Amino acid sequence: MSWAGSDDVFLSTSLASYLDKKLLVLLRDGRKLLGILRSFDQFANAVLEGACERVIVGDLYSDIPLGLYVIRGENVVLIGELDLDMEELPAHMICVSAAEIRRHLSNSSTEGRKGCHRSQRLYEEENGVS
Numbered sequence: 001m002s003w004a005g006s007d008d009v010f011l012s013t014s015l016a017s018y019l020d021k022k023l024l025v026l027l028r029d030g031r032k033l034l035g036i037l038r039s040f041d042q043f044a045n046a047v048l049e050g051a052c053e054r055v056i057v058g059d060l061y062s063d064i065p066l067g068l069y070v071i072r073g074e075n076v077v078l079i080g081e082l083d084l085d086m087e088e089l090p091a092h093m094i095c096v097s098a099a100e101i102r103r104h105l106s107n108s109s110t111e112g113r114k115g116c117h118r119s120q121r122l123y124e125e126e127n128g129v130s
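Under the numbering used here, the sequence shown has 16 at position 16, and the numbering climbs by one with no breaks.
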């Protein structure tokens, strides 16, 4: 006996319309993958050909090549087809190398940690916690 209801039969076939098309896949951990959908199964596990991870920091971005990439369906938040006739990114975005985007990423995460410490200190000062 199947756990799927009669309407659930069509859930996996909904990806069939995306076969051989360029997609954007958003994962639970926030990563954004681009690639051509070559295969999928009933659990939304998917295979992307020519996949790359798009990393965005401020106005900078980098597409890090991944090649043939298998995605576990439970990690998928969103799948969308990219319109090849339109620009993928706004004009102000600047493409940089993978090394440069990693450097900017580490700098921004360091600043974020400093901000957390600063807000923690302010909280402690305001509430008399030592």
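Don't take every hint at face value.
Unchecked claim - So the derived label-pair ranges between C-beta atoms look like this: (1) 41 x 65: 21 to 27 angstroms; (2) 49 x 83: 25 to 31 angstroms; (3) 91 x 39: 15 to 21 angstroms; (4) 86 x 107: 30 to 36 angstroms; (5) 65 x 21: 17 to 23 angstroms; (6) 102 x 73: 36 to 42 angstroms.
In case anyone wonders, no lab produced these hints; they're calculated from the structure.
Model, not experiment: these values are computed from the prediction.
Ideal Cβ positions, reconstructed from N, Cα and C, are used throughout, including at glycine.
Cross-check of the supplied hints:
Between residue 41 and residue 65 the beta carbons are some 25 angstroms apart, a value that agrees with the proposed interval 21 to 27 angstroms. Separated by about 19 angstroms at the C-beta atoms, residue 49 and residue 83 break the suggested range of 25 to 31 angstroms. Take residue 91 and residue 39: their Cβ atoms lie about 35 angstroms apart, and the range 15 to 21 angstroms is violated. One distance hint, 30 to 36 angstroms for the beta-carbon pair residue 86 and residue 107, holds here, with the actual separation near 31 angstroms.
Distance hint check: the CB atoms of residue 65 and residue 21 are about 19 angstroms apart, consistent with the given range 17 to 23 angstroms. Range check, residue 102 to residue 73: about 28 angstroms between beta-carbon atoms, so the 36 to 42 angstroms window is missed.
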